[in-house]
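A.B. asks: Protein chains in written order, with the working numbering: chain A, 1 to 481; chain B, 1 to 255; chain C, 1 to 461.
Quick caveat, the hints were computed from the structure, so don't treat them as lab data.
Keep in mind the model is a prediction, meaning the values are calculated, not measured.
Warning: the hint list may mix true and false statements.
[Unchecked claim] Below 30 Å or equal to it, Euclidean Cα-Cα: the simulated DSBU-like pairs (lysine-lysine) are:
1. C:LYS361 with A:LYS346
2. C:LYS389 with A:LYS346
3. A:LYS379 with C:LYS340
4. B:LYS218 with B:LYS233
5. B:LYS142 with C:LYS361
6. C:LYS389 with A:LYS72
7. A:LYS72 with C:LYS357
8. A:LYS454 with C:LYS357
9. B:LYS233 with B:LYS196
10. A:LYS379 with C:LYS357
11. C:LYS340 with A:LYS346
12. B:LYS142 with C:LYS272
13. A:LYS454 with C:LYS272
14. A:LYS470 with C:LYS389
15. A:LYS454 with C:LYS361
16. C:LYS340 with A:LYS380
17. B:LYS128 with B:LYS196
18. C:LYS340 with C:LYS272
19. A:LYS72 with C:LYS361
[Stated by the list, open to error] Just a sample of chain B residues kept apart from chain C, beta carbon distances all over 12 Å, derived:
20. MET1
21. GLU11
22. GLY13
23. LEU25
24. PRO38
25. GLY148
26. GLU153
27. PRO197
28. ARG226
29. SER230
30. ASP245
31. VAL248
C-beta atoms are modelled at their ideal positions from N, C-alpha and C, and glycine is treated no differently.
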Amino acid sequence: MSANVPNIDQLVRSEYKYGFVSEIDTDSLPPGINEEVIREISARKGEPQFLLEWRLKAYRHWTTLKEPHWAKAVYPPIDYQAISYYAAPRSKARYSSMDEVDPELLKTFEKLGIPLSERARLAGVAVDAVMDSVSVATTFQKELEQYGIIFCSFSEAVRNHPDLVEKYLGSVVPYTDNFFASLNSAVFSDGSFCYIPKGVRCPMELSTYFRINAAKTGQFERTLIVADEGSRVSYLEGCTAPIRDENQLHAAVVELVALEGAEIKYSTVQNWYPGDREGRGGIYNFVTKRGVCKGRRSKISWTQVETGSAITWKYPSCVLLGEESVGEFYSVAVTNNRQQADTGTKMIHIGRNTRSTIVSKGISAGEGQNSYRGLVVMKKSAANARNFSQCDSLLIGDRCGAHTFPWIQVMNPTATVEHEATTSKIGEDQIFYCNQRGISRQDAVNMIVNGFCKEVFRELPMEFAVEAQKLLSVTLEGSVG
Amino acid sequence: MQPILEIDQLEAGVQGKQILKGISLKIYPGEMHAIMGPNGSGKSTLASILAGRDGYEIIRGRVLYQGRNLLELSPEDRAREGVFLAFQYPVEIPGVNSAYFLKAALNEVRKYRGMPELDAIEFLALVKEKIKLLDLDEELLKRPVNVGFSGGEKKRNEVLQMAVLEPRLAVLDETDSGLDIDALKIVANGVNCLRKPDNAQLVITHYQRLLDHIVPDKVHVLVDGRIVMSAGKELALELESKGYDWIVREAKRVN
Amino acid sequence: MNSISTIPDADAAEAPHFGAVRTAFQQYESQTRAAGEPDWLASLRRRQLTRFLAAGYPTRRDEDWRHTSLDAVVSMPFALASSAGPDGRIVQLLEGSAFSSVSGQRLVFVNGHLIPELSRAVRSSDGVYVAGFASAVQEKSEILRARLTADSEDGSDGSLGALNLAFAREGAVVIVPANTVLDEPIVLVFVSFPQTAGERTHVRNVIMTGPNSRATVIEHYIGLGTESAVTSSVTELHAGQGAVFEHLKLQDESNSVFHLATLRARLESSSKVSCHSFALGSRLSRQNVLATLAGEGIEAVFNGLYLGDADRLIDHYLSVDHAAAGCASHEFFNGVLDDKATGVFYGRIRVRQHAQKTDAKQTNKNLLLSDDAAVHTRPQLEIYADDVKCTHGATIGQLDPEGLFYLRSRGLPVATARRMLIHAFAGEIIERVWCGAARDVLNRLVWDRVERTRHVSASEQ
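Full structure from sequences and hints, please.
C.D. replies: Below, the structure written as structure tokens:
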């Protein structure tokens with residue numbers, strides 16, 4: 001290799017451009033967790049009794065659980081008593097118009113490329129902006145109301161649609177589900193809620209933008225999307241956080257319910273602060289995401305681009321209950337520097353003629369460790385069910401790791417499962433070929449990586465796909481030597 | 001004289017979509033018919049229905065083979081009765097040796113016809129004779145069925161199977177597609193060798209070029225699930241020079 | 001005997017079934033002492049027993065045993081099998097057995113006891129050593145001491161490996177000197193013929209092939225009788241630099257036997273090794289294959305076929321460790337599950353950071369023939385080096401409908417067409433056996449089994 005090609009170490013120093021801290025007065029609870037804290041969170045939010053009781057049950061259950069460590073991730077013990085479980089920008093509880101919102105807050109989102117004001121907001125995308133633990137603004141609500149679509153913060157949903165919340169909360173991810181889901185159920189502070197009525201095709205993309213700002217807090221939001229019979233919705237989720245030396249815990253829960261003939265497309269571009277080159281700081285992204293295809297011919301499609309976080313631990317899953325229902329999982333996970341990702345999916349086939357597709361692309365650079373972990377289950381009732389999985393890993397540099405841990409269980413002889421996985425590196429010959437045609441080394445890598453991820457990017461809504469590609473090049477900047 | 005194949009007002013489809021919209025056709029012993037037509041006209045559907053492939057629904061009409069209802073027979077019984085389909089895309093079957101497969105098939109057919117089964121030596125003698133007749137390579141027999149065969153080899157292998165099984169009715173589904181001129185000649189030569197006064201052949205093709213080497217008694221043009229024109233072999237030449245468009249327009253005007 | 005380590009006493013918390021294990025060990029130890037077994041082995045056995053007592057039997061809570069329960073083995077009485085001798089039925093069984101026509105050296109064990117009358121071992125001038133474990137520990141004491149100590153100390157064989165060595169009475173020891181070429185395979189036949197329920201057989205085989213040698217060893221496990229029993233078998237294989245070696249195991253035990261086995265292989269640079277596991281019998285079988293590719297330029301093939309019917313459970317657990325650069329390992333496992341049989345496959349390929357230029361490929365394919373059959377498969381890649389070519393794939397499904405239609409359209413009955421495709425599916429694995437004589441035997445055997453497969457004419461829908 002010629003001397004003028006920058007080496008790995010030089011190139012790795014790309015900046016995390018969302019790492020700024022906003023000076024916003026924050027109202028937060030002191031660190032620590034106990035029943036009093038939970039009652040306090042519930043009281044501050046003025047919640048109905050059923051929700052408080054649900055939280056308390058979750059908390060009591062959580063205290064009986066041990067933090068799981070089967071994921072391929074190494075991190076120091078988390079002190080759950082050192083985390084503050086509630087942080088909210090201190091300002092009015094509700095805004096009657098965007099003009100009342102703290103200008104610093106609006107500025108923060110503007111800086112992130114998510115303008116919330118009436119004039120500048122994104123065309124065709126309704127955004128629910130969540131700062132630390134609470135939703136600060138939701139755009140396009142009135143427009144959506146015309147269609148009967150409910151799109152609001154979780155707190156608003158609890159106030160205005162308690163029946164829907166009570167019916168569906170925990171119906172996909174029960175509070176007993178796992179350690180982090182139980183913790184979330186006990187302390188979740190806000191999140192997004194979305195209900196698409198029968199037969200309605202949501203006319204615009206719905207989106208939640210999550211931002212962690214305050215220090216020493218955890219973020220525990222909860223998203224619930226219910227698509228009634230024959231409805232359709234495409235939902236986007238984006239996340240960033242400031243650069244801090246400490247590790248911050250993000251333990252979210254997302255529940256999706258698709259009734260007969262309904263279709264939910266859930267896309268995530270996750271760009272939490274990944275920590276620095278030595279692995280200091282960064283978000284622990286321990287998330288439970290699951291959807292249930294309850295009705296016949298319903299469909300849930302997960303697409304994720306995971307570039308951020310120090311540790312990612314998530315398995316967006318589909319329970320395919322309805323006959324002929326369809327589950328999809330498209331994922332790009334990139335780990336650079338000391339990042340660790342253990343991600344994948346579960347496809348649980350219960351109904352007849354259910355189908356699922358898994359496409360996972362893992363890219364490891366620096367000292368990153370990237371694991372695909374997946375479970376495909378064909379229950380005895382899943383006659384003629386089909387699954388196809390493709391998991392590819394790309395290694396850049398010789399200090400990273402790529403791992404694939406699929407698990408397949410088949411109890412029905414008419415079911416078909418196919419799993420394929422490959423691991424390869426970017427070939428010097430490929431790069432040379434590009435160089436020879438006048439393309440720089442970094443551009444060549446970006447080009448090859450983008451080609452590698454194409455199948456997944458194709459699944460993203462247009463604006464997001466462009467964003468994801470850019471994000472990928474930033475994350476991998478300097479990963480070649 | 002009883003026709004070998006009689007198709008009467010056949011309408012059929014797949015997954016609720018009608019593809020054949022009323023086809024009638026009679027093929028007598030000693031005859032070779034060609035069915036031509038643009039892509040998507042239903043040619044291969046017809047071939048699949050004749051061989052008994054799963055997934056096709058017969059809407060109405062009937063197919064008689066030597067006076068019997070062909071559609072009620074299982075695929076293997078059709079084969080034993082003497083219906084042979086040369087596949088457009090012969091399936092690769094890894095691990096199943098070609099010679100072994102062919103011997104098993106031949107003996108099934110012979111058993112069905114009340115003929116004694118052939119032992120390995122007799123079988124090999126027969127196959128070698130056919131291979132010579134068709135100018136094929138004996139190596140084919142040693143390999144798994146169609147695995148690693150070139151396009152031409154697959155089609156030649158189909159013709160070899162046809163030669164060994166000696167069907168009463170052979171349906172050749174786009175046997176010419178993907179063949180270079182030499183391979184085409186070998187296949188055509190094989191088909192011609194197997195033409196006898198007591199059997200019949202139905203050649204399905206998109207192009208006329210196969211018909212330079214195989215001369216049909218009748219040419220039918222299939223458009224959108226219907227036979228829109230039937231004539232002697234000169235029709236093929238007309239199609240070659242004018243293409244299908246005029247006949248498609250003609251058909252539209254008539255309907 | 002003060003150099004011999006001691007076994008800790010049972011405490012109150014110890015599982016009650018360990019009492020029988022301790023008693024059996026005391027009796028067994030007095031026998032082996034009387035037979036003059038070397039101190040190092042007695043001491044090693046005690047350490048292994050201690051290791052077993054500390055860990056106990058694996059349970060389904062153990063990640064590596066999620067789908068395979070040893071409850072039946074635990075609850076069975078613990079009695080060491082006694083020799084059934086060269087009984088007429090055994091002679092008859094051997095005469096009709098799979099590899100009876102294969103010439104060459106042969107050792108026959110019945111219930112874990114070597115039966116010289118049925119064996120055919122010669123001390124040849126080429127220095128190839130083929131003998132029973134009990135005599136080998138005397139004759140090749142130092143070699144075995146080094147080998148067994150090293151192998152048991154790393155603990156990778158788990159508590160079952162420890163239990164095996166604590167009680168291993170016999171087994172085969174094969175030592176092939178450097179540059180020696182063996183034309184004929186060495187056949188080891190292990191017959192289990194339990195007389196009472198719960199009899200345990202522990203065999204320990206050690207195979208060492210020297211640099212640039214060439215050899216084939218076949219292990220064949222068969223059985224008689226209907227009493228429940230446990231066969232525990234551990235084979236330690238060490239293939240020297242540049243050695244060409246084929247190991248073939250055919251497990252065809254009777255339906256009442258629980259077969260728990262480990263093949264541990266350490267391959268040195270430039271060796272070319274092929275290990276085959278054919279699992280056709282027993283009520284429950286677990287075959288571990290733990291391989292370390294310790295030197296550069298190795299070509300290794302791990303190849304397996306499992307045919308399950310009735311309510312058999314057949315479990316293969318593979319771990320291939322690429323510890324050196326430039327090696328190729330290919331793993332191919334095919335399974336056919338009928339009736340209420342369950343197939344389990346776990347396969348891990350691990351590529352260490354310095355193992356650049358690794359070429360690893362793993363496939364696990366399964367056919368489910370009946371409504372009650374099940375498969376659990378976990379092919380895994382764990383890769384720490386970047387310049388590698390690694391793939392794995394798993395499929396579970398039915399016979400290819402296109403292929404079936406093709407065969408039927410040529411006149412073959414559905415059942416024959418299905419058998420043909422099943423046999424072809426099995427044949428992919430058999431074809432990889434180098435030893436021609438063994439390949440023929442396996443082809444016939446597998447064909448016979450496929451003929452017996454019940455659900456061949458299952459509906460096409």
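A.B. asks: Please go over all the hints and tell whether each is borne out by the structure.
C.D. replies: Consistency of the hints with the structure:
no., hint, in the structure
1, C:LYS361 with A:LYS346, "24 Å, holds"
2, C:LYS389 with A:LYS346, "26 Å, holds"
3, A:LYS379 with C:LYS340, "15 Å, holds"
4, B:LYS218 with B:LYS233, "6 Å, holds"
5, B:LYS142 with C:LYS361, "27 Å, holds"
6, C:LYS389 with A:LYS72, "22 Å, holds"
7, A:LYS72 with C:LYS357, "24 Å, holds"
8, A:LYS454 with C:LYS357, "27 Å, holds"
9, B:LYS233 with B:LYS196, "19 Å, holds"
10, A:LYS379 with C:LYS357, "40 Å, violated"
11, C:LYS340 with A:LYS346, "26 Å, holds"
12, B:LYS142 with C:LYS272, "28 Å, holds"
13, A:LYS454 with C:LYS272, "39 Å, violated"
14, A:LYS470 with C:LYS389, "28 Å, holds"
15, A:LYS454 with C:LYS361, "25 Å, holds"
16, C:LYS340 with A:LYS380, "13 Å, holds"
17, B:LYS128 with B:LYS196, "21 Å, holds"
18, C:LYS340 with C:LYS272, "38 Å, violated"
19, A:LYS72 with C:LYS361, "22 Å, holds"
20, MET1, "26 Å, holds"
21, GLU11, "23 Å, holds"
22, GLY13, "19 Å, holds"
23, LEU25, "20 Å, holds"
24, PRO38, "25 Å, holds"
25, GLY148, "14 Å, holds"
26, GLU153, "16 Å, holds"
27, PRO197, "23 Å, holds"
28, ARG226, "26 Å, holds"
29, SER230, "27 Å, holds"
30, ASP245, "34 Å, holds"
31, VAL248, "32 Å, holds"
The structure fails hints 10, 13, 18 (numbered hints given earlier, in ascending order).
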